[in-house]
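J.: Residues per chain are reported as follows:
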Amino acid sequence: MTHCERLSERMPAVGNGQAAWSAEELAHLAQCADCAAEWRLVRAVAGLGAQPAIDPAAMSARVLTRLASAPREIPVVSLAARRRRWVWSLAAAAALLLAVQFVPTGRSDRGARPAGVLSELDDLASSELETVLAELSADETTGDQRLDDLSTDELEQVLQDWES
Amino acid sequence: MVKVFIGNELSVPFNNGPEFASYLRPMTDASDEDLVVRFLAGDQIAADELVRRHSMPLGRYLRASGAGSAEVEDLAQEAFFKAFRAIDSWRGEASFRTWLFRIATNLHRDAYRRERRQVTVPIDGHDAADSADPEGEAGANEIEARLMAELARLPRLQREVFLLRAQQGLEYGAISEALGTTPGAARVHYHNAVKRLKEYVQ
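Quick mapping for you: the protein sequence lines, in order, are chains A and B. Per my numbering, the first sequence starts with residue 464, numbered consecutively. Per my numbering, the second sequence starts with residue 23, numbered consecutively.
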C-alpha cells in the first residue's frame, strides 16, 4: 500500500474526528496535490448536512408512543424462505466444490476454472444441484482434490478466487 | 436467572453474565449492543438513548443522500420505529448503527421510487434526480451547494457508499452489510465517487 493509499484509508476517520493526522501525514498532505484534493473533499462531505431539522428528544417521544401501540415483530421464517435459503446454500456448496476441482495447485494436469461454470449453476434445479453434490462427494477415483485435502494456502486461494 | 424489578416495567436480569454487566454502566457510556439488551428487557430509556445517539448522523446521511429537508425527519423516525419494532430479528451480526442505516436507506429508496412514479416531467435529464434541493438550502456555502448537486448526479449506490464512508466513517465491511453489496465493490464505488467529486472542491 502506498503512502497516498494509506492516507486515503484514514481520511474518513480523521474527517469524522475519530482519529488525527500525524506530523508525517500532515507533511505529505502539504506536498501531495492529489491527496490534498481528496482530503478537502472528505472534510467537506464529513460536514455536509450538518444541521438536519431533527429534534432527537421529540423524535424519541414520537417513536416510543408509536411503539407502545404496535407490538414488536417476532421473526417468523416461512417454509418458502427456508427452502430458498436451503437451495442457495446447496448452490454455494456445489459451486465451491466445483471451484476446488479446478483450483491451481502447480500440478500440470490441473487447469484453470472454466469460464461460465458458476453461471451454469444458476440454471440447475435443486434436485440437479443435489445430484452434482452427490457425484462430487462420491467421486474418489479422479484424483482431484477435495476440500479436506487442501492446505490453508490453497483454501485461501479458493476464497480469493471467489471474492474476485 | 433471577430478575430484579425496578418500578413497574423494567426487569433486570440479575446474574454475573454480560447482560447484567450492561446494566451497571451509565446509559451514555453503554454500547449500542448494551442498550439493545436493555430495550429488549423493557427499558424505554435505552431506546431513547439510541435515538439521541443516532438521529443526527442519520439525518445528515439522509439529507446528503438526497432526501428533502422536510422528508428527513419522517424517514429517520420511520427507520427508528421499524428498527425497534423488528429488534428481535437483529442478531448483532452487523452493528445496530449499520442495521439502522440499512433500514433508512431502504426507506429512502422506496420513497424515491414512489416519488419518481408520480413525477411526469423529468428533472434536468439526470438519472438520480432526487428530491434534494441543494441550491435552495439557506446558508449553504458554494462548495457545499456544488457538492450536493454533484452527489445527486452520482449513481445511487455509489452515492450511498461514498456518504457512509466519507460522511459517517463506516468501514467497507459495515457499508457492504448496510447496502447489500460486497466490501470489494464498496471500495470500488467509493474510489470512483472520489475521482468524480474531487474537482468540485478544488
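Misleading hints may appear alongside valid ones.
What the hints assert, rightly or not - Once the Cα atoms are required to be at most 20 Å apart in a straight line, the calculated EDC-like pairs of lysine to aspartate or glutamate come out as: (1) B:Lys104 to A:Asp518; (2) B:Lys220 to B:Glu166; (3) B:Lys104 to B:Glu55; (4) B:Lys217 to A:Asp518; (5) B:Lys217 to A:Glu468; (6) B:Lys220 to A:Asp497; (7) B:Lys217 to A:Glu472; (8) B:Lys217 to B:Glu193; (9) B:Lys220 to B:Asp132; (10) B:Lys104 to B:Glu115; (11) B:Lys220 to B:Glu172; (12) B:Lys104 to B:Glu166; (13) B:Lys104 to B:Asp132; (14) B:Lys220 to A:Asp518; (15) B:Lys104 to B:Glu199; (16) B:Lys217 to B:Glu172; (17) B:Lys104 to B:Asp51; (18) B:Lys104 to B:Glu172; (19) B:Lys104 to B:Glu93; (20) B:Lys104 to A:Glu472; (21) B:Lys217 to B:Glu137.
As the list claims (entries may be wrong) - To spell it out: a stretch of chain A is covered by chain B in this simulated footprint if at least three of its residues, at any positions, have a beta carbon under 8 Å from a beta carbon of chain B; those stretches are: (22) 472-485; (23) 489-495.
Don't read these hints as lab results, they were simulated from the structure. Using N, Cα and C, we set each Cβ at its ideal position, and we do this for glycine too.
J.: Compare the structure with each hint and give your call.
T.: Against the structure, the hints come out as follows:
As the CA atoms of B:Lys104 and A:Asp518 are separated by approximately 19 Å, the hinted pair is consistent with the 20 Å bound. Straight-line distance between C-alpha atoms of B:Lys220 and B:Glu166 comes to about 13 Å, which keeps the hinted pair within the 20 Å bound. A distance of roughly 17 Å separates the Cα atoms of B:Lys104 and B:Glu55; the hinted pair therefore holds under the 20 Å criterion. Using a Cα cut-off of 20 Å, the hinted pair B:Lys217 and A:Asp518 is violated, with the two alpha carbons roughly 35 Å apart.
Simply put, B:Lys217 and A:Glu468 have alpha-carbon atoms about 13 Å apart, close enough for the 20 Å limit, and the pair holds. Using a Cα cut-off of 20 Å, the hinted pair B:Lys220 and A:Asp497 holds, with the two alpha carbons roughly 9 Å apart. Among the hinted pairs, B:Lys217 with A:Glu472 is consistent with the structure: their alpha-carbon atoms are about 14 Å apart, no more than 20 Å. Taken as a hint, the B:Lys217 and B:Glu193 pair is honoured in the structure, with Cα atoms around 19 Å apart against an allowance of 20 Å.
About 29 Å separates the Cα atoms of B:Lys220 and B:Asp132, which puts this hinted pair outside 20 Å; it is violated. Simply put, B:Lys104 and B:Glu115 have alpha-carbon atoms about 18 Å apart, close enough for the 20 Å limit, and the pair holds. A distance of roughly 10 Å separates the Cα atoms of B:Lys220 and B:Glu172; the hinted pair therefore holds under the 20 Å criterion. For the proposed pair B:Lys104 and B:Glu166, the alpha carbon gap of about 31 Å is over 20 Å, so the pair is violated.
A threshold of 20 Å between alpha carbons decides the hint, and for B:Lys104 with B:Asp132 the separation of about 14 Å falls inside it, so the pair holds. Restraint check for B:Lys220 and A:Asp518: the C-alpha separation of about 33 Å exceeds 20 Å, so the hint is violated. Distance hint between B:Lys104 and B:Glu199 is fulfilled; the C-alpha atoms sit about 17 Å from each other, no more than 20 Å. Restraint check for B:Lys217 and B:Glu172: satisfied, since their Cα atoms lie roughly 12 Å apart, inside the 20 Å limit.
Distance hint between B:Lys104 and B:Asp51 is unfulfilled; the C-alpha atoms sit about 24 Å from each other, more than 20 Å. Restraint check: the Cα-Cα separation between B:Lys104 and B:Glu172 comes to about 31 Å, which exceeds 20 Å; the hinted pair is violated. Using a Cα cut-off of 20 Å, the hinted pair B:Lys104 and B:Glu93 holds, with the two alpha carbons roughly 17 Å apart. Our distance criterion of 20 Å between C-alpha atoms is broken by B:Lys104 and A:Glu472, whose separation comes to about 33 Å.
With a C-alpha separation of about 30 Å, the suggested pairing of B:Lys217 with B:Glu137 is violated against the 20 Å cut-off. Counting residues of the region 472-485 of chain A whose C-beta lies closer than 8 Å to any C-beta of chain B gives 6; at least three are required, and the coverage claim holds. For a cut-off of 8 Å, the count of residues in the region 489-495 of chain A with a CB near a CB of chain B stands at 0, and the three-residue condition is violated.
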